[in-house]
Structures are given as structure tokens and as C-alpha cells.
Amino acid sequence: MISLKNIYKYYDSKFQRTFVLKDIDLEISEGEFVTIMGPSGAGKSTLLNIIGMLDEPSEGEYYFLDQPAHKLNEKKKVEFHRNFVGFIFQAFHLIDEMTVYENIETPLIYKGVKSKERQGLVADMLDRFNMVAKKDLFPAQLSGGQQQLVGIARAIVGKPKLLLADEPTGNLHSDQGKQIMELLSQLNSEGITIIQVTHNEEFAKYSRRIIRLTDGLISSDNISN
Amino acid sequence: MIRNFLKTSVRFLMRNKTYSLLNFLCLSFGQTCAIIAALYILNIFSYDKFHKNYDRLYQVEAIVTFFNGDRFLKEPLSASLVGDLNANVPELEAITRVVPGGLNFINGDRSFTEQGIYADDNFLNIFSFPMASGGNSNEISELNTIVISERMALKLFETTDCIGKTAVIKDNEKQEAYKITGVIRNVPSQSLLQFDFIIPLSKFLAGNPLANETGASSCHYWALVSENSDITKINNKIRDLIKNQETTLNQELFLFPLREKILYNYAGGRRVWDGMQYVVIFGCIAFAILLIACFNFINLAVAMNIKRYREAGIKKVAGASRSAIIFQYLTETFVITAISLLFSIILVRLLIPLVNSQFNAGISFTIADFRVVLILAAIMISTGILSGLLPALYLSSSNPLSVLKGEIVKSHSYSFFRQSLIVFQFVIPVVLIIFMMIIKTQDNYMRDYDMGFQNDKLIVIGNTRNLEAHEGSLKTDLLSIPGIEAVSFTNCIPARGTTVSNEVTWTGKDASEKLHFWCINTDYQYNTAINLNITDGRYFSYSFPSDSASFLINDIAAGVFEYDEPLGKTISVDGKEGTIIGVFKDFHSVDLAGPFAPTIISLSPACRNNILIRFSSGTYSSLKDKIRDVYIRYEPEMSFAPTLYKDLPSYSNLDMSSDLAGTACFIALLLACLGLSGLASFSASSRTKEIGIRKTNGATTLSVIKLLGIGYTRWLIISFIIALPIAFLLGRIFLMRFYFHSPLPLWVFVAGVCITYTIALLSVSVQSWRAASRNPVEALRYE
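For the protein sequence lines, the chains are U and B, in the order given. With my numbering applied, the first sequence covers 4 to 228. With my numbering applied, the second sequence covers 12 to 794.
Next up, chain B with everything else stripped away, as it sits in the complex (with noise of 0.2 Å):
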């Protein structure tokens, strides 16, 4: 039986090659997205599935509730806090604290560059990262021992076989030896935590005495809980732990599962989307281009079984039940989707190193994965139900008396639902086009925005510890390159966060309150090259040796203190006090999305992670250059990755969304139009009696072009003013999450209806042109 429905199927679909082609695209293209969205989906959710205690591992972290109320999350806790923990709580049946951190190996006349962690030795018992060799997990206990990952090993060694080896590190002119004490498998890239080595937290610790402060940003604490214990109840225990220590500090301590880390964070408090944004934004998008893909399906199947619909007239006079012809017709449909499926598949192979560039995914495909089988099933009858239900309970309703009567069959019942297809189908594009313009619009507005400072012409480069000890002479000759100003060493990249300190005191402090305050270490050249917008005082001098122990506040911390005269008044920063000199204002020290943080600048040499060369003539790529050859001279080990300002990827990652939202639109657009255009060519075949008459009536070609463009017109106006609101809504929160955001451009939802409409109509125009400008003595015989 399903042979013979098959074979009738294929001889259809070859015989309707427009029809086939049309549908087995659309249904390919909805199928690729689906199944991409899909993967990326799975590969989020299958992150750190491979420990072994996956359910019961949890990062302790702390809610720092800030002096205005703010609230924000702070993952690096005292490393003192483990005793605490442990003898407070014994539901934590381990504790392991991990402190990541780059170092410097060399090899010879060679040196790398690797990134990995400090960690205590139970670090391999809770997490489940496979030996390679070394075998036992107390690898990490000694001082001067190292474990390394299999890449590192190769790149070291060139061998994996490197137990007791020694690797060497390097730390500014000071040599160190570790031994090898095992080689771990690379991490998977689907872990949270990422790393080459593994150092003992012990050595750590004993090279940073600070990091036992109450209060201290540390190490990250895991936390392996034991079975079957109540969470609740333990974030109720732990809650106050370090408030009890210093009540001021203010911090309230909760378990972060494992599981949720890659999709949730904290901001302000409150937890937020953070993977889970991207699942929903791709598993949104994907589904509503596999539903226009669906639609067009449908829509293009409803309008051909006209023609059909007599077969089935026939058939049910032969004998045959509705749901035989339901049956045949889902037949052919999932014919249909497995061919567009197999197409699909082709496809994902080919686009996902493309999806994985452009969207940092780390997707990977294999059919051996059975996930992905399950997927790529799901997918397949997902879709060939979706379409192929509607058209087929159409088709098995066809009454064989009217058919066999040879009425010309209309489906006026139908074409009602069939606008309202078409009109859901361009809603989705235009909602898309519109918000993707409105991230647009954010971006350049926070690029361009006047965040208190300079922010043109402005070149970050990464400080390192060979550029910090050469900090005099490498300024002396950047500045003799014509064209540069200035050059200033900062921990502070405007606008991108800083260090936050809560050891400041001022007088008429509440010697009890502990408050937050983002401190930034600089030097004499940082105001030449960001030009603060200083409202009182001066900036810092070589004419005032005092200057060395004196800071600049703004107008926020200002008010936290309590100083309306500021200029001349002391507080001290993390035990340096000293005099304020000078007040600036409206100076963004973390981002656009926040509000205005109390900000304090210090003539300090701690933790400058950047040098910021601010140019007055040139251009940058002419510049860069002459930096480079600076740089070499200084830094001959590093590569030199220098960046424009303004080309610094969006604090927000605006990027990935409006791409993401613009690369959704076009396939959106594109599957739209293609399904328009199709049925356009079904409308105008089955008006090829009206088209000629007219025409021998008088019309001329391009009235006819007009009356057909008239009925399209009207759908898409109907979509546009479902979508406007539905964009407008969407715009209003997207920015609403913006601390300083854009007023809502009114300009895109023009740009947005009017490119819809024009390629809508494009799309059409031919059809209509086709079927416009044919002989009507030619329309009129063939009927």
C-alpha cells in the first residue's frame, strides 16, 4: 500500500517541479536552523555533564549588597572562608578552592603562555577530569608539583610521557622549577572550568598572605554536597558566615549548582538569563523560521490540491476511507521532509565551522551522538506533521459528488486561513529586521556615547611584566612616534570595568561600614589620554611631588562621603591615604548597563593590566606599526594583538545578538519571500482567464501589475501592523536593560516596514509580470 502511495507521490512531485523544488528548499532551510538552534541547545545543556558528581556540585558565592542598595555577585571569597565552611556545615561533604591565573613556561630558549588554576588536592577527587598517566589523585599535594593537561604536555615535552619531568616557569626575571606529577586529558570544551595545569593552592597561598583576609577576593569555592541534603537548608546556614565575621562586609553567601552556572548569572541580586538568553533567543528563532518553512509548506500544498483534490474525489469513490487519504497524503509529505532532511543534514556540515565562528558556539555534529539522532527525528516529524496535518485533513474532506460533478473547486474556506499564514509569516521578518536595528542603534549609541571621557583615537594594548619594568623608557619612545600624546599604564579600560575596593575610610565614616568603591591605579598620563571631564581641582602633576599620595574622587563617591567641599579633604584607600586634589564627573568606570559607580584614581602601580596610547595625528593602522616596533623591543616573547577603542567588542555582546538576530531575519525574509513568490505563481496561473480578459478589454500590463500587487499589499499590511507593536514592545525592553539607553529610533520601524514591503513586492513582481504581460488570445485559448 505505502509503495504504491509513494510511487504516485514521486511521479506528482517530478511532474510539479516548481512546486517540489520550492517546498523541498523551504522545509531544508527551516530544518537546517532548526537542527543548528537544536545542537547548540544540547551543546549548552550537556556542559560538565561528564563529573561524575554533577548533581552535587556547587560553587559557593556571595551577594554583596552595595552602599545605595545595589546588590551584585561575588564569586572569589577569603581563602580563609574553607574553615568556616567546613566546620559549620557538614551537609559540604568537600570543599575544593580554585584560584585560575596565567603563567609563563619556558622551555629552552622557548617560553608559552598557558592559563590554569591553584587548587587544593581534592580537586581531581570532586571533579571528574581523567588522568591520562600519574594515575593517583594526589598529584597536587606538594609544593613544587605540577599537573599538566596532554596539549601542554605536547607543546612542552612533545611527548605526553613527561612524569618527573620539570616544567620551568617563569616569573619576571625569577626562574622556578616544578615537577611533573601528572599529565590530565585536555579539558572537554564542554566545561565550565577551563585550564592546562594544575598548581597546589598551597603555593598560592604562600606567595599571597593577603589571601586569608576576611573579605579577601580569592578563590572560588566548590562545594561537593552530599547526597540527598536540602539545599535551602544550607544556603540558610551559610548565609551569614562571613556577616558574622565582619557584619559590614555585607555579604551573604548561597550555593550556585554546578549545572546552572553556564545558564544564569547574578546581577544586581537578582538572577538573570545568561546561556539560557541564547538557548531561548536560538530555539525562538529556529522555531519561528520552521514555522514559516511549515507555513509556506502549507500554504503552497493547500493552494496545489486544487488539482488534487479531484484524485482524492476519485479515490474515495474507489473505496478509500478519509483517513487512507490522510494517511497517503502524510506519506508523501514526510517523503518530502526526510529528502529536505537529508539536504539538511549536508547543510549543517557546512555551516557550522561558519555558526561557530560567528557565534563563539562550539557546536559540534556527529550522527553517532544518538541525542542527535533523536534530534534530527524529532525535527523530521515535528515538521512533516506540522505542515503536512492541515493539507491533508483539506484534502480528505474533498466531497467526491462535487468533485466528480466537475465543479471547479475554490477553497474560499481556506483562503482566509491561508492570508493569515502569510501574514504570520512576514510578521516574524519584519519584527526581526526591526530589532535587530534597534540593537544596532544601542551598540553605536554606547560606542558613540560621551561616557566622561575621550574615546576616539584611543589604542589598548595588554600590559605585561616586561612592558611594566620598562614603563619609563617605553613611554619615552611611544611618545617620540609622531602623532602620539600620550601613553598611561591603568587598570581601568574606560567603560570596562576596574578594581573594586572596600577598604576606604574618610572622616565622619562609620568606622563599622565597609562600602564598595571602584579604584583606579594609574598614572601622570591617564587625563591626556581620556580627557576626564574634571569639574573641580586639578588632575595629577609632576610640579606637586606631593601628588604621589593624593587621589581624584568623582561627583558619586563625593556624595558618599559626604564632602561638598571635596578638594584638600583626606581618606585613604586601602590603607594609603591621602589628599583629593580633583572631582570629575560622569565618568563611566563599568558600563553602560549600570549606573554611575563611585570611582576613585590613585597614582599606583598595582594590577595595570593595559596601556592606553591616546594619538592626535595618524591613522591607527599607520600607527600600528610604529608601536609594534616599540613593543618588540620591550616585550619580544608576546605577540602584539593592539585594539582600537571603539573596535573593543560591545561590554554587553550586542554583536552576537544583532547578528544573530540579523542572520535570522534574512533566512526569515528569504523563506517568506520564496513562499509568496510561490503561491504568487499558483495565483496568477489560476487568474490566467481574468488576466486575459481584462487585458482584452483594455488593461494594459501594467494595471494588471498593479492588481495584483493590490492584493499582496493589503496581507502585508495587515502583518505590519500586527508586527509593529510586537517590535515596539520587544525594543522597549531590550533597552529598558540599559542603565543609559537610546531613545527607541522611530526611523527603524519605517526602514523596517519599507524594506519588508519592497522585497515582498520584488519577490512577487515577477510572477505578476509573467502573468501580466502574456498574449491574451494565448491565456484565453488555453482555458
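Okay, chain U solo, but in the shape it has when bound (with noise of 0.2 Å):
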């Protein structure tokens, strides 16, 4: 599903290039559930956001799907982003003008699900996360493990096959974390592809891969079972 071929990212200052990634090459395919870790600055979160377009390697080939994604135009990305992707943010990101409900809608009414299709596809989310009572909450009215499900509930609305995790348990204390990551699985067992990044040993766990990230190298990759 996801191929990475000699991805590099570094910047470019005055007299010296600073390397962020250098060399990647990983082949993620469809229904694993990877775990990238690795020390502050090792280039954890730059490799997710290359895999999910919102940044772009300084060189190499990346093909999602067996499509050449380092050639995508804008319009294509959007695309990417609209039918195949979800995000999920260590610190939400929720839209704070919006209730629970509209900020799950949004990523549908960019899609341009319609009306009563949508109604529907959000009330199976708030269902599914018990969240119906408090669906015309604004999230600065909500905790913060309720604001992440709320988070998730928006990333896998729009059915992705891909779902990017980047620490989603970082801003949580550990019960709520385990709620997540326990839904995360389960996500998982229903066969979406998650990449998660996180510091936490113990939730990398719920993954069956871990990929450790040193200076911008693939340090090890292990799967187990």
C-alpha cells in the first residue's frame, strides 16, 4: 500500500544541510498497524507527515496505492485527503467555533456526502463512541480523552483506508490513553492501516510492528506476532 524509495528531507541553511530523514525505504501494505518511534528530533513526525502529504520529501519516490505520490498536484492531494486518509493530533485540532457533531460532519461536507447520508454516517460515529448526549457540545466543554474519540470519530468518518496517529496518546493521562489505543486496535481488527508515532513502550505494544527512527536512519523494524 504504501511504498517509500530512498526518501530523504533535510533544509537547506546558509552553508550547512541539516538532514531530517536520510535514505527511507519502507513498504507498509494494507491492515498493518505500525509504530514509529524513536527519540525527540529523530524525524518521527516528519516521516508521518510525508506518508499522509502534508509535507514532501527533499528527495526519493513515495507510491501510495502503486500511485507516484511525490508527483500528485495540489488538487490530487486534496483528493488523497478527502477519500483515503484520516489524522489523528496529539493535540485534537478540533475546530473550536463547531459542535461535536459538525466537527465530525466536516470532513463528509468536504467530500460532499450528501445531507442525509450524512446524518446518518455521524450518527453511527456518535453512537458507536457513546457520545450522542453530548454531540451539541463544543469541545472546550469536553475532557480531554472525550475530545480525542471525538478526533477520531472525525478522522474515520469518511471510512479511510489510512489512518496517521501522530502521539495521539501524548496529551492524555494513561486510562484514557488505553481507551484510545484500545480503539485504535479494534479499528485495526476492522482492517484500516494505522501508523502511529509515540514515546509510550508500552502502547506501542498494540501494534504488531515497530519501526525505531535514530537521526533521521531506520534504526530497526520488527514485526511480531
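No wet-lab data here; the hints were simulated from the structure. By construction, the Cβ of each residue, glycine as well, lies at the ideal position given by its N, Cα and C atoms. Check before you lean on any hint, since a few could be wrong.
As the list claims (entries may be wrong) - Coverage of chain B stretches by chain U, computed from C-beta distances (three or more under 8 Å per stretch; other residues unrestricted):
hint	segment
1	14-23
2	318-326
To be verified - Derived CB-CB ranges, DEER-like:
hint	chain 1	residue 1	chain 2	residue 2	range
3	U	Gly-148	B	Ile-317	57 to 65 Å
4	B	Gly-722	U	Glu-120	48 to 56 Å
5	U	Gly-148	B	Leu-17	26 to 34 Å
Starting from the two chains in their separate frames, assemble the complex, guided by the hints.
The structure is reproduced here in C-alpha cells:
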């Protein structure tokens, strides 16, 4: 599903080139649950952003579902975001001016889903996450764990093939974190490919494959059963 | 989709009330100005459109070349010209002659003075003034017939059904009856020709045989040009019609289209802006104010969008395309614009009477007019796009990556742009303030200018036939009021123009030459009243019985006559011969916009429309009532309307221009300050942490205010640097229009800058003080 070949990411300052990612080769197939780990500044988030097409590699080729993603134009990238990927963030990133319901609905609107169908899909999500009673609340009125639930609901309401989670539990305490991780592995078992970035060894164990990055290089790639 | 956009937009606006209110106010004011200006322009451009032949109507006018090469426009032409025009120019389908005049109508013991016209009987065929009753258009063919307006019919007969009734016109002691043969609807205010009655021109010609003389100034000529005819060709044909009769008259005829009459005028033989001037001034000022309002919006929006940048990033990640974000933001802008437009419409309704009375604009405002709806739509759309597009582009350029990483978004790349907006916003009020003060200076200069006569303590009242008839006893009665020194009947209010004559001859004159002279008809007291600067000889005096046939001339006229010793020489004016007994100097008979004109003063009772009263002691207000008592004794029917000479409306209409510039600069300054204070509140809040840290390190409230003030001072100084040369140039161009003008006053530049700077700093100081006086602990905790 995802194939990265010789991916480099660097920043040029006056006399110096700072490398963030060096020569990354990575294959991720559909249905995997991958964790990217490593110390701060190792390039984890950059790698995730490149996979999510929020960022572009400086060099290298990236194929998503056998399409050359590094050659996609702005419009195609928007299509990609609409149809294939969902994002979950450490800081939740809900829109303050929108209720829970509307936040979940947002991607569907951009996808052009009809109003009736949207209502059904959002209602399903609210049901699944037990948030029906909270649907008219604003993000500021929710706890951190609940906000992240809304974030996940928003990420998966459009039925993406790939879910990218950048430290989804980073702002949560451990009970809430556990709950979120269980939800993610459940989603994975339903067939969504998940790539997460985390510092937390315990939460890394929810996934079957752990990639460790050090200074922009893949230092280990373990697949457990 | 739109519904969703709107919902979040409204929530955002409700949560940020100061921001919304500021934007709303600025846009409302801006749009109000734009609407009023558009209505004003619309009004000017809809003049005379109701005429069926609007595009084919032309006034035949003449340009006269004066002895020194000066050229001026002459509208009234000889009544006999119609024959030449008809014979030589077949392209003129019809010609009608019009003579405007005021007449006194009586009905029982009541009497009214009405303004009307004498016109040829084809007048109502050429122009489309609709008849209320009477039907066919030959209503004004018989000698003693009259067509009146509905307004006048109601006044005279209290009914509009008055065909066949008789209107009585009182001229001195003579009364004459006219049969009413038609009633026309009231002449629309958007008509160049304004009148309440029409009397056959033949009636006028019967009483004024001189009107037929070649070169006479009696009738206005209106011509209906046949379709598809070439105006330049006609102009070539008619140009020399008068010259061919009398070479020396030096008058060239041309066609002045009706559709341009309200917009243009001729000065010195060149076409100049008349109404067009106000179209341009109103238009430019309103556009500038609207721009300020939009820039405010942009500035505040960009400042505010730092908060919304994240939202845009999230939406992009959720699959929003760039255009969707632009579209959403534009929708939001249009919501604000539409709400403020509604408010503007209310404001316009409230303000229109004020504008009409202040600027004599004659604007009306109805939503029912599709042109008004178009204007409103155009203003709303342009405002929305002008103010919404830039912030929308900025917002949509949000890079989701940096936003979501939690980086603090700074709009550095836009800060230069935003500062230039502020600079521009302040350029406009500074220029307007300075320009207004230059206009005021010139106005005062003209009022106080030594025009070769004494102009203070001079009262002007209109002459009437009754007063004229009792000249002697009126003067005796007025002079018996303590404080009044002189009472003079004249046709010339100094510097307000007078009668022009080309029938002046002198010894040594080339007999074929006909030059124009400004002639003042007056009495023995004119000099006592205005105190002429007589350099040679003397003024008329009762002790010289021969003076009734004598003249005073000014130095310019002496130059034209080429008399080195003019005293005792003989000249003849309008066929009346007499001796020159005095020469005066530096006297402005016309106005300060033009040069000195050759002027001749004679003792003559003709055409004396005004009475000048000079007083030496007492005040205007105390004398006014006493003069009224005398006035009523001789003229019980007219209302008494005296004016102090200095209060006369300025000849060049400077009051209106300076009022306009004043109002505009007030609004512009208000808007610019609103925007600046809005921005100040955002920048103060974004610097809360910095201020907190500075204060914990020992900065005082005052030093923080200074720090914030310096930032604004820099922008303001740049805008002053840009504004001053613009104001200087505008001021120079404006003053150059006047032949006699004040030097460009330098103090107004200093004053303009100081005023703007003070007001601008005051408007930000509240915000600065609030930020600076805050407890630093609180500020840092807040962060």
C-alpha cells in the first residue's frame, strides 16, 4: 500500500544542510498497524507527515496504492486527503466554533456527501463512541479523552484506508490513553491501516510492527506476532 | 454546505464581539458614504433624461473673444438669430427661444412672485414637459395666454382645473390679464430648465424691441438636431453666423448638448468641469473612504486570522481544498457586508435630508428604483471582494503542517503589507485636512481681500419695483436711522459681476471694433457706500449738475481707451455721451477668480437690482430691524431678506467644497482611527507576554506606553511623508485656479500633521494603557 524509496528530507541553511530523514526505504501493506518510535528530533513526525502528504520529501519516491504520490498536484492531494487518509493529533485539533456533531461532519461536507447520508454516518459514529448526549457540546466543554474520541471519530467517519496518528495519547492520562489505543486496535482489526507515532513503549505494544528511527535513519524494524 | 459555513461564521463573529463590531461599523460607514456619493452622481446623470429628444437637444451658445484675448461664454443671443439659423442650418429640425423671467401674479389681495419663461410656441413639442390638462401643445400661441404648473395653479386657484380662467400679472401699477390655456405637471427637480409658467415669446418681443438687435443678449436658444446629423459639421456651419453680420462682435456660435449642460461649463473659452467637478470629488472621496473601510477590514481580519489559521489547517487536513476555504471566508465577509449594508441603508435614509440641505444635492432614495438596487448590489459586491479576498487568500495559504505542529503562527510576511495599509489609511485624512484648510484660507482671503472698496459694514438687500419707485423717500428714511451712512442703488454688488456692454465708443476708436466693458449703473452715494480707490479726479457730486452725463472709469478701461490723461475726455456708453470725471483703481467688479475688467460707472437708473447700505456704528443685528420697518413701509408684499456683504455666498462656491472636504476628512479620520485602535488592541494582546516580562524587569507603565506608541509613530510619519507632497500639489492646483489667491499657507501642513497625529495616538493610547497597566503576574499566568 505504501512504498517509500530513498526518501530524504533536509533543510538548507546558509552553509549547512540539516538532514531530518536519510535514505528511508519502507514498505507498509494494507491492514498493518505500525508504530514509529524514537527519541525527540529523530524525524518520526516528519516521516508521518510525508506519508500523510502534509509534507514533501526533498528527494526520493513515494508510491501510495501504486500511484506516484511525489508527483501529485495540489488537487490530487486534496482528493487523497478526502478519500484515503484520516489524521489524529496529539493536540486533538478540533474546531472551537463547531459542536461535536459538526466537527465529525466536516470531512463529509468536503467529500461532498449528501446531507441525509451525512446524518446517518455521523449518528453511527456518535453511537459507536457513546457520545450521542454530547453531540451539541463545543470542544471546550469536553475532557481531553472525549476530545480525542471526537478527533478519532472525525478521522474515520469518511472511511479512510489509512489512519495516521501523531502521538494520539500524548496529551492524555494513562487510563484515557489505554482506551484510545484499544479503540485503535479495534479499528485496525476492522481493516484500517494505522500508522502511529508514540514515545510510550506500552502503547507501542498494541501494534504488530515497530519501526525505530534514530537521527533520520531506520535503526530497527521489528515485526512481532 | 453554505449553511454550515454560515453557522461557524456567525459563531465566530459572536465570540469576537469587538472585532465584529469594529468591522461592522467601518463597513457601514464606508458603504454609507459610497451609497450617498453614488446617489448624488446618479442624480446628476439623470438630469433631463425625461425628455423624449434628450440626445438631440442642444443649446446654441456663443463664445465671445474679449479685447485682451480673454474668452467667455455668452448664453443669451439676439432674438433675430432664429431666422439665420433656420435659413442656414437645415439640420436644426426645430429651434425654440426661451427667456427666463420672474413676474408678480395677483389674486384678489394676495400676490406671488413666480419664476417662469417666455418661450416660442414649439417649446412644448421640443421638450417633453408633460401636460396635466390642456392637451395639445399650441397652448402658447396667442399673445395674452399662459400655461402654468400645477403647483402654481394650486397656489392661485386652489385647484388644478383652471383652463380658461384668468391670471393677473401686476407690473408696477399696470395690471394685465392672461388666459390660462394649459396646465403642465410640476417641472421635475432633475430638469435644467426650471419654471412655473410659460408665456408666448411674442409677448416678450412686443415689449422689448431691442431684443432683436444683432448681438443683443435676450434669448436662450434650444435646437432639436435632426437624427444622425454630424454635430461638428453643424458647428462649422453656425460658427461665424454672427461674425458674418457684425465682424467686430467676435462671437462664435456652437452647440452645447443638453446632456452636458449640467456637467460642464465654459470658462475663458475652455470647457471646464461644472457638475462634473462634484461628480469627481464625491466619487473620489467616497471611494477613498470605502477603501479605508475595506483596509480596516483587511487589517483586522489578517490580525484576527492568526486565530483562525489553525482552523483552516484542520479543514485542509479534513479534505478542504484551497478554493473551499476561500469560498467559506468570502461567504463570511459577505455576511458582514450584507448586514452592514442594511445598516447603511438606514443611515442613508436618515442622512439624506442633511446631505441635501448641506450640499444642495437634491438626492432621493427609493429601493423601488432598479438603478438604486444595482448600485447597492455593486457596492456590496465590490466591498465584499475588496475586503474579503486578501484575508481569504492569506487564510487559505495556511500550511496545515506548521499549524498542526503547534507552531505559533506569525504573519511576518504580511506585516509589511498591513503596515502599508495603515500608512495609506492615514494619507487620506491628512491630505483632506490640509486641503480643507487651504480652501478655507482662500475663502477667507477672498472675503478679506482688499477689492478696491470697503467691504465690511455693508448690507445688501434686493431692489424691487416699489422701492425703485420711491427711491428718494426710501433713502431719506434709511439715512435717518442713526448709524447708516449711505444708501446706494446699483446693478453691481462689488466682486459679484455686473452688466456687460459692447456699445462703448471713444475718440480714436476703430469704428468697427466692439469691445466689452463692465458697466455699473448707480447713484451719487455708491462711492460713500463702498469707498472706491479714486486715483484721479472725483466721484459724482450734486454740486456739478452736468455729472448726470459723466463717467468714472477704472485704470484698465483707461488703458483700453489709450488715454494718458483720461479726465475730461469724452466717451459714449450705450449711445449716451459724457465726460470722464474720475479714475479709480484696483476695483474688482467681477470676482477674484478672474483678472481685473475694464469698468465704467455712470449715473443711471437701469437694471439696478440691489441696494447697498453702509453703516458706521451699531451692529448688523440691531440695524436689521430698523431697516425692515422702513422696507415694509414701501414694499409690503415682499419678504425682507438682508445679507451682510461678508455673509454672501462665496462667488466660487468654496463653502461647499470646504464643507465636503471637512466632512470627508472627519469620516476618513474616524474610520482610520477605528481601524488603528482595533489593530492596537490585537497587537497589545499579542504582546501581553512581552509586556509582562518587561514589567517584571522594571519597566514602568509609562515606558511601555511609549514603547507601543513609537511603533505607531513610525507608520504615521511615513504616511505624513507621503501625504504632504500630495496635499501641497493639490493645494497649488486649487489656488492656481484663482487669479488672485493667497500664498500657500505653510502652517496648515504643520496643523494637519499635528491634528492627525494627536487623534491617532489618542485612539491607540487607550489600548496601550490597558495593556501596559496590567499586572504582569496576571499577564504571564495568562500565557
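To see whether the hints hold, each was checked on the structure:
no., hint, result
1, 14-23, "holds (count 5)"
2, 318-326, "holds (count 5)"
3, U:Gly-148 - B:Ile-317: 57 to 65 Å, "29 Å, violated"
4, B:Gly-722 - U:Glu-120: 48 to 56 Å, "53 Å, holds"
5, U:Gly-148 - B:Leu-17: 26 to 34 Å, "31 Å, holds"
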